[in-house]
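**Student:** Protein sequence lines correspond, in order, to chains A and B.
If you're matching positions, the first sequence starts at 6 in the numbering used here and goes up one per residue.
If you're matching positions, the second sequence starts at 6 in the numbering used here and goes up one per residue.
Take these hints with a grain of salt, some might be off.
What the hints assert, rightly or not - Derived SDA-like pairs (lysine to any residue); straight-line CA-CA distance at most 20 angstroms: (1) A:K285 <-> B:K285; (2) B:K208 <-> A:A277; (3) B:K285 <-> A:E282; (4) A:K211 <-> B:K129; (5) B:K129 <-> B:E118; (6) A:K49 <-> B:A56; (7) B:K201 <-> A:K196; (8) A:K208 <-> B:A74; (9) A:K53 <-> A:D133; (10) A:K71 <-> A:K112; (11) A:K208 <-> B:T109; (12) A:K211 <-> B:E218; (13) B:K201 <-> A:R286; (14) A:K201 <-> B:P206; (15) A:K285 <-> B:Q221; (16) A:K71 <-> B:G105; (17) A:K208 <-> B:A192; (18) A:K71 <-> B:R95; (19) A:K285 <-> B:E118; (20) A:K71 <-> B:K285; (21) B:K196 <-> A:E282; (22) B:K53 <-> A:A289; (23) B:K208 <-> A:A289; (24) A:K208 <-> B:G105; (25) B:K252 <-> B:A46; (26) A:K211 <-> B:D73; (27) A:K71 <-> B:S31; (28) B:K211 <-> B:A228; (29) B:K285 <-> A:A192; (30) A:K112 <-> B:L52; (31) A:K196 <-> B:E283; (32) B:K129 <-> B:A177; (33) B:K208 <-> A:K208; (34) A:K201 <-> B:T109; (35) A:K285 <-> B:E61; (36) B:K71 <-> B:A46; (37) A:K211 <-> B:G105; (38) B:K211 <-> B:A177.
Hint data in this document are derived by calculation from the structure and do not stem from the laboratory.
Everything numeric in this text was worked out from a predicted model, so none of it was measured.
There are 2 protein chains.
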Amino acid sequence: MKPNNDAAWDAEPSTLLRVGENFRLSDVDADATPGFVGGKAAGKKELKAAADDLDEKQERLFAASKVDATDAVLLVLQAMDTAGKGGIVRHVVGSVDPQGVALTAFKAPTKAELSHDFLWRIRKAVPDPGMIGVFDRSHYEDVLIARVRGLADDAEIERRFGAILDFEQELASRDIRIVKVMLHISADEQKARLGKRLDRPDKHWKFNPGDIEERQHWPAYQAAYQSVFERTSTEVAPWYVVPANKKWYARIAVQRLLLGALTEIDPQWPAADFDVEEQKRRLAAT
Amino acid sequence: MKPNNDAAWDAEPSTLLRVGENFRLSDVDADATPGFVGGKAAGKKELKAAADDLDEKQERLFAASKVDATDAVLLVLQAMDTAGKGGIVRHVVGSVDPQGVALTAFKAPTKAELSHDFLWRIRKAVPDPGMIGVFDRSHYEDVLIARVRGLADDAEIERRFGAILDFEQELASRDIRIVKVMLHISADEQKARLGKRLDRPDKHWKFNPGDIEERQHWPAYQAAYQSVFERTSTEVAPWYVVPANKKWYARIAVQRLLLGALTEIDPQWPAADFDVEEQKRRLAAT
Numbered sequence: 006m007k008p009n010n011d012a013a014w015d016a017e018p019s020t021l022l023r024v025g026e027n028f029r030l031s032d033v034d035a036d037a038t039p040g041f042v043g044g045k046a047a048g049k050k051e052l053k054a055a056a057d058d059l060d061e062k063q064e065r066l067f068a069a070s071k072v073d074a075t076d077a078v079l080l081v082l083q084a085m086d087t088a089g090k091g092g093i094v095r096h097v098v099g100s101v102d103p104q105g106v107a108l109t110a111f112k113a114p115t116k117a118e119l120s121h122d123f124l125w126r127i128r129k130a131v132p133d134p135g136m137i138g139v140f141d142r143s144h145y146e147d148v149l150i151a152r153v154r155g156l157a158d159d160a161e162i163e164r165r166f167g168a169i170l171d172f173e174q175e176l177a178s179r180d181i182r183i184v185k186v187m188l189h190i191s192a193d194e195q196k197a198r199l200g201k202r203l204d205r206p207d208k209h210w211k212f213n214p215g216d217i218e219e220r221q222h223w224p225a226y227q228a229a230y231q232s233v234f235e236r237t238s239t240e241v242a243p244w245y246v247v248p249a250n251k252k253w254y255a256r257i258a259v260q261r262l263l264l265g266a267l268t269e270i271d272p273q274w275p276a277a278d279f280d281v282e283e284q285k286r287r288l289a290a291t
Numbered sequence: 006m007k008p009n010n011d012a013a014w015d016a017e018p019s020t021l022l023r024v025g026e027n028f029r030l031s032d033v034d035a036d037a038t039p040g041f042v043g044g045k046a047a048g049k050k051e052l053k054a055a056a057d058d059l060d061e062k063q064e065r066l067f068a069a070s071k072v073d074a075t076d077a078v079l080l081v082l083q084a085m086d087t088a089g090k091g092g093i094v095r096h097v098v099g100s101v102d103p104q105g106v107a108l109t110a111f112k113a114p115t116k117a118e119l120s121h122d123f124l125w126r127i128r129k130a131v132p133d134p135g136m137i138g139v140f141d142r143s144h145y146e147d148v149l150i151a152r153v154r155g156l157a158d159d160a161e162i163e164r165r166f167g168a169i170l171d172f173e174q175e176l177a178s179r180d181i182r183i184v185k186v187m188l189h190i191s192a193d194e195q196k197a198r199l200g201k202r203l204d205r206p207d208k209h210w211k212f213n214p215g216d217i218e219e220r221q222h223w224p225a226y227q228a229a230y231q232s233v234f235e236r237t238s239t240e241v242a243p244w245y246v247v248p249a250n251k252k253w254y255a256r257i258a259v260q261r262l263l264l265g266a267l268t269e270i271d272p273q274w275p276a277a278d279f280d281v282e283e284q285k286r287r288l289a290a291t
């Protein structure tokens, strides 16, 4: 990462935001901007400045897979409504080459999907080597909304936690680096954002009366997230809780987490598997 | 489109580049920049300036589909190697929200794909309502490389032309607006670009010795493209041949073609299908 941008971070989100032991979601201040020195203007500048770095690392990841590297990245995005998943996809993921990104938005499961195990549709979307996979919602809905709305009983939720741990371990052993992000907003912030959607005719399509029902289950969702963090923040697939009342902060924090994952992979331009000089002669002869 | 950017175009690529009767590929100057007043610097400025317009129209297209609109766009990209399909995806398509784009890169067909009709894998990638679908290569490979390399006999090529015409007519009747683009470079320009890939270690992964074999079939490919244009440039699915020796021109021309397709669809923000004031009251009570 470029030293001049590093100046804006005085500590890494990968350390500060990581869910470790004794983590309490209720202790997280959704307004905070951990590790970043500066306000909104500096944050927007940082997003732009780091985009080139992300772009190059993504291209290296993609290129390396064309020879023999098997590395991939999987970014899992979870959040309450209006927390800004779409903005992360648009402004962070959207800055890299679309050819290197596999985005899957998981909606309420279809009848066909419900007839299979909950991981069936998830497995089909696991990124290939060289790709950055992005899950907009994920298998975690099956232990979140499923729990809050009573779509699965306790025994089934337990079984799913076990299946998720096995699944993520398997992905990690296939060189898929998993970055799990929960964008954390406050209930008041959500109220304000839903209000804005209702005020603007060009945002009405994003509003669903069901959003207000979901909102009434806020404490139950926070408790369900707390369980998720306790059960599934592991060495190979840690959770990061990103304060998201300030959209600009959430974006640069997730960008930095992605950059960190790619830096650890450290993908290299693959060596030519042909004789370069010979190919130059062949080309010259055409 | 914004009037201040329109100043840079003195005629529409949708008219100038469209394949009509008596079109001859061999008459097209790959160095030309039809309709655009200005050079590389002005072109790069135009790409950036028009990106916001594309972005808004794409979001409207997406939003409209959430209520009842069935419109979609399908951009088909075909070209000789190195002509810049990847650059179009990255710099034109890449400027819109990834959530509204469905990109499919068609490689040499797998065994499973070969066991089905050639349109089988294509049908699976047709964009849903509200989406901009992008085909990086397409069903046209099945009448291009298939013809040049003798992978299908004349009768089969004929059958495929008929099937393609039926297929595209069917898509059009489902409100999918089809924009077919051939990026046209000269043989000399390809030689220079392949040479650059060989010169730069960070580009070696993009080079394949097979590219030189393909290059030796250049005249046969040009003839195959000529047939494609004669047989498949229709009212509902016209071809546009975009001069592409100047990458900046090809990008703004394709961007303009996409903008034109979206302008014709003219998607509108959908009206709320709920009572806005009632929802405001419900929200206030939470």
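**Student:** So which hints don't hold here, by number, going up?
**Tutor:** Hints 1, 3, 4, 7, 9, 10, 11, 12, 14, 16, 17, 19, 20, 22, 27, 28, 30, 33, 34, 35, 36 and 38 contradicted; others consistent.
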